[in-house]
Amino acid sequence: MNAQARAIVSGEKGARVSGGPDTFPKYLLLNAKRFADRPAMRHKTFGIWQSWTWSELTAEIRAFSMGLESLGLKRGEKVAIVGQNRPRLYWAFAAVQAIGAIPVPVYADSVAEEMVYVLNHAEVAFAICQDQEQVDKVLSMGDSVPTLRKVLYDEVRGLRDYDHTNLHPIDGVEAMGEAEYEANGDTTWVRHIEAGKGEDLAVMLYTSGTTGKPKGVMLSFDNLTISALNGNAFDRLDANEETLAYLPLAWVGDHIFSYAQHYTAGYCVCCPESPGTVDADRREIAPTYFFAPPRVFESILTAVMVQMEDAGRVKKRMFDYFMAHARKVGEQILNGDSVGFGDRVKYWLGGIFVYGPLKNRMGMTRLKVGYTAGEAIGPEIFRFFRSLGLNLKQLYGQTEASVYISAQPDGEIRADTVGTPCPDVEIQIAENGEVLYRSPGVFVGYYKNDAATKETKTKDGWVHTGDAGFFDQDGHLKIIDRAKDVGKLNSGDLFAPKYIENKLKFFPNIKEAVSFGDGRDYCAAFVNIDLTSVGNWAERNNISYASYQELAQHPRVYEMIQEHVDEVNRDLASEEMMAGSQIRRFLVLHKELDADDGELTRTQKVRRSFIAERYAPLIEALYDGSKEKYVETEVVFEDGRKGRISATVEIRDMKDHPPSFTPTGQAAGHQEAAQ
Amino acid sequence: MNMHDITVKHGQELRMTRPDDGIRRGDPLLVVDNISLSFGGVKAITDISFDILKGEIRAIIGPNGAGKTSMLNVINGFYHPQEGTITFRGEKRSKMRTHEAANQGIARTFQNIALFKGMSVLDNIMTGRITLMNRNMAWQALWRGPAEREEIEHRQAVEHIIDFLEIEHIRKTPVGRLPYGLQKRVELGRALAAEPALLLLDEPMAGMNLEEKEDMSRYILDVNQQFGTTIALIEHDMGVVMDLSDRVVVLDYGRKIGDGTPDEVRGNQDVIDAYLGVSHDD
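Just so you know, the sequences run in chain order A and B.
Numbers given in this note's numbering equal positions in the first sequence, counted from 1, plus 11.
Numbers given in this note's numbering equal positions in the second sequence, counted from 1, plus 23.
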C-alpha cells in the first residue's frame, strides 16, 4: 500500500494563458471593454430585478473606489466587509483592490466579540457594512480596534441620527468619487490598477476555527485568478452563465463562485432580495451554475416530497411512475451511456409531464453545472437530482486551496467520491492516510501566524488537509474522515468512524450512529433511531409503542435496523479499503443522543470521547459477546431537571460479506496514466 | 429592463405624497378637548383633553377597561362623543364617519388583527392605498391606460413598504397562513400604505414574544424617524411605552390621571396607584 500511497496524482494542465490580466481590477477594465453591454450583476429590490452591465458596473466601482481614496484609504491597508450578498459589498472587493488595499470579508452573523477579534487581528482601517445592525456591531467595538478609522454603510435606514464624523453612506462616498472623476479623470485610478501584480495579496479570509481562534488565510491574485480560470475551463463556464449569490461573503466558496469566476468568466451574478426569498429568487433567475451544501439540496427535496404528498391522486401517481423510471435510466442518460429506445421515449415523456415542471419549481431549468461540497451528501438525495437530468457534481476544496482540490469530471459521477484532481492540482496520500495537495491556488500563509503556516504547508508547497482519504479503483478521491479520527483495527485494516456512520445515517430511519473499532478486533456500532421516521413507519404497520425507549427496543425495529446495517456492510465489502471494517455487532440505543446531555456538540456532531466514557459498559458488551446488557443513564430534561433511565439493551451479531471489490492493479495503472 | 420602465434606484426612500398641511413639527396635529362618551348609562370616557403634536410618538396607557380603545375609536370617527370637540389639522370636526377620517389621513391598526385572511400580503397592503386611488371601478376593471399606470404607481409604493418592513419573503403568502407576529407587521404595512398623517396603533405588541416586540419597536421608531409620521399608540408593556414614546397620556376608569413625558408619568402617584391596583372608592 505504501508505494501506492506516496504516488502523486495530478490533474490536467491548467488553462492560464500568459499575458492575460492578473488582478481582478484589471479584469474589470477588460470586461468593461469585452462585455460592455452584457449583464454583470442583478439585484432584486422593491420586487423588481435591477441589472447592471459590465460598463455600468465599472462606472459604479470606479466612483466607489475613487471615493474610498478621497476618504484616505491607502495601498496595503485592510478593509473589513460585513454583510449579506449585496451588489455594493461585492463592488467593494474590486473598489478596495483597485487602490491596492486588501478586503477582509467577515461573517455577517458573527457576534460583536468574534468580529472584534478578526477586525483587530487583521488591523482593518475601514469597515464597509450593509446596514444598521452591522454598523452597530462595529461601532460597539469602540476603541478596541484602534486601527479603524472609517465606517461605511449601504442601507441608510435607522442611521440618520448617528454621528457622521467617521461614518459615511456608500452613496456619499460614490458621489465624492464621481466628483473627483469629473474634475480630474481616472488616470491616477487606472495607474493604481496597473501597479497591481499577480503575486499581491488579494484577500484575507478568516476560517472559522473549530478549535482555537480563527486564522486569516492570505490568498494572492495569482491564487484566485488561476484557480478560477481552471474552474471555468473545467466546467466550460463563460459569460453566458448566471448564478445566485446567497452564501456568506466570507466563505471561500462564495468568493470564488460569486467573485473570482464572475470576473474571469464575465458571467452575471444575481443577489437575492433577502435571505428569506432565496428559493423564490432562484426560481425566477434559474441559475446555470449553482453551488450548495448538501443541506440545501436536502431541503429542496423535502419540500418537493411534502408537496407531492398533498398533491391530487393523478399527479401523485404520475410523479411516482416517472420518478421510478428516472431512477432507472435518468443517470445513465445523463452520463451518456447507451439506453434503449423505449426507455428514452418514456424518459422524454417524463420530461414533459414531471421532470420539466419539477425543475422549473426548483429553479433548475437552465442548470448546466451544480456542485455540492462541504460534507457528504446522501446518495439518495444526490441520485434524485441527477436522475432528473441535473448535472450535480461533488467537489472537494478548502480555503487554503482557493477552493479547488478535486472535482468530478462530467460523466464520472458517483455519490461517494469527490472526483479526480482539478487542473494544475497534485494530490498525494501520506502514510497516515492524510490527503496532501499542491496547486497554484495554495495560500500565501496565515496572517501573523507563521507557526500555523509551517504546520500546514511544507517547504516544497504541499498542504496538509487534515482529512484522511484514498484513491479508489477508478482513480477518484474518496474522503473518509478527519485524519485524527482515523484508526486501525487489530487486523491492520483502516477504521474510519465517520465514514461508516455517514453510511448508516443516510438511512432516514437512523438519526445518529457512533462506531467503534480503533484498536479493537472488529467494528461495532451504536445506532439511534429517528423518531419521526420510525414512528411514522410504526403507525403504518400497526406497531404500538408508549415511548422512544420502547420503540427503540421493539424487535421489528431491530429487524429493520439490522437490514440497514447489513446493507452498509455489503456496501463496505465492495470497497477495497473498507471491506475489513464491516460492522460485526450493533445495538440500538435506548435514548436519543442529545446536546443537553453533552453527547453531541451544539452543531449536532458526535462527541466521541464523552460517549466512550459514558457508555463504557455498553461498548464492553459489544466486544465481550454478550447478547444483552442492562444500562442506566442519567439524563437532563429540557428544564434542567435530572433523571435516570434504565434499559436492557439487546446486541445483535452481523455476518460479514465477502469482499466484492475489483482488486487494485487497475487503480495503480490509472494513477500512473494520470501522472 | 422590465415591462413598464420603472426605474427604482437602490436606496430610494418612500415618499409621502400627501400635501403638506402647513403644520410644523412640534405644533398640535390633533387636539382632543373635553371629550365624554357614554354607552347608555355606562360612561366610557369622561371629560378628557389632550393633544398630539406633529412628529411625536404619543402613548395612551391605562389598566384594562380604562377607555383607551374607546379613545382611539373616537379619534378615528368610529364612536361619536356626546360632548367635547376634536380638532384635526386645525379644523374642528363634527360627526365624522370612519372613511372620512381615513381620507383626512388617519390610519390605524387593531387590537385583534383585522386583515383579509384569504388575500396575499401584497393585496392586503394594496387595500391600504384605496383612499389614494382616483380611478373608478370601471377603469380599474378595464385596467388600461390611466388605471394601469395608477396601479403600477401604487404597487411601487407598496413594494417600498414591503422592503421597509422586511416582509419580501411572504409577499405572496395568504395572510391567514402567517404567524401572529408577522400578521401584526402586515397590518402595520397596510396602515402605512395609506400614507397617514396620524397613525393609530392599538396594542401593536400584544401577544408577541420578546424578539417580536423588539422588532416591532424598531419598525415603529423607524416609521416615525424616516417618514415623520405622527403616531398614537396604546400599549400595555410599560418598558416598551417608556422607551418608545415622547409623551404619555394615562387613563383610568375613563378619566385622564396623568399626562407628560415618560419620566414625569412614572413619578406620578395616581399612575402608580392605578397600576399597583389600589382600590377605587369613586
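Where hints are given, some of them may not hold.
[Stated by the list, open to error] Think about it this way: if two alpha-carbon atoms lie no more than 27 Å apart in a straight line, the pair counts; the simulated BS3-like pairs of lysine-lysine are: (1) Lys-140/B - Lys-195/B; (2) Lys-195/B - Lys-55/A; (3) Lys-370/A - Lys-140/B.
[Claimed, not checked] A short, non-exhaustive set of chain B residues, derived as facing chain A with CB atoms under 7 Å: (4) Glu-182; (5) Asp-186; (6) Glu-191; (7) His-192; (8) Asp-245.
[Unchecked claim] Over 12 Å on every C-beta distance to chain B, these chain A residues come out as not near it, computed from the model: (9) Leu-40; (10) Ala-70; (11) Glu-166; (12) Arg-168; (13) Arg-171; (14) Asp-172; (15) Ala-194; (16) His-336; (17) Ser-502; (18) Ser-544; (19) Tyr-569; (20) Arg-596.
The set of hints was computed from the structure by calculation and includes no laboratory data.
Glycine included, every Cβ here is placed at the ideal spot set by N, Cα and C.
Going down the list of hints, with the structure as the test:
no. : hint                  : verdict
1   : Lys-140/B - Lys-195/B : 12 Å, holds
2   : Lys-195/B - Lys-55/A  : 15 Å, holds
3   : Lys-370/A - Lys-140/B : 31 Å, violated
4   : Glu-182               : 4 Å, holds
5   : Asp-186               : 6 Å, holds
6   : Glu-191               : 5 Å, holds
7   : His-192               : 3 Å, holds
8   : Asp-245               : 6 Å, holds
9   : Leu-40                : 24 Å, holds
10  : Ala-70                : 14 Å, holds
11  : Glu-166               : 7 Å, violated
12  : Arg-168               : 6 Å, violated
13  : Arg-171               : 6 Å, violated
14  : Asp-172               : 7 Å, violated
15  : Ala-194               : 24 Å, holds
16  : His-336               : 33 Å, holds
17  : Ser-502               : 54 Å, holds
18  : Ser-544               : 26 Å, holds
19  : Tyr-569               : 40 Å, holds
20  : Arg-596               : 47 Å, holds
Consistency with the previously given hints fails for numbers 3, 11, 12, 13, 14, ordered from lowest to highest.
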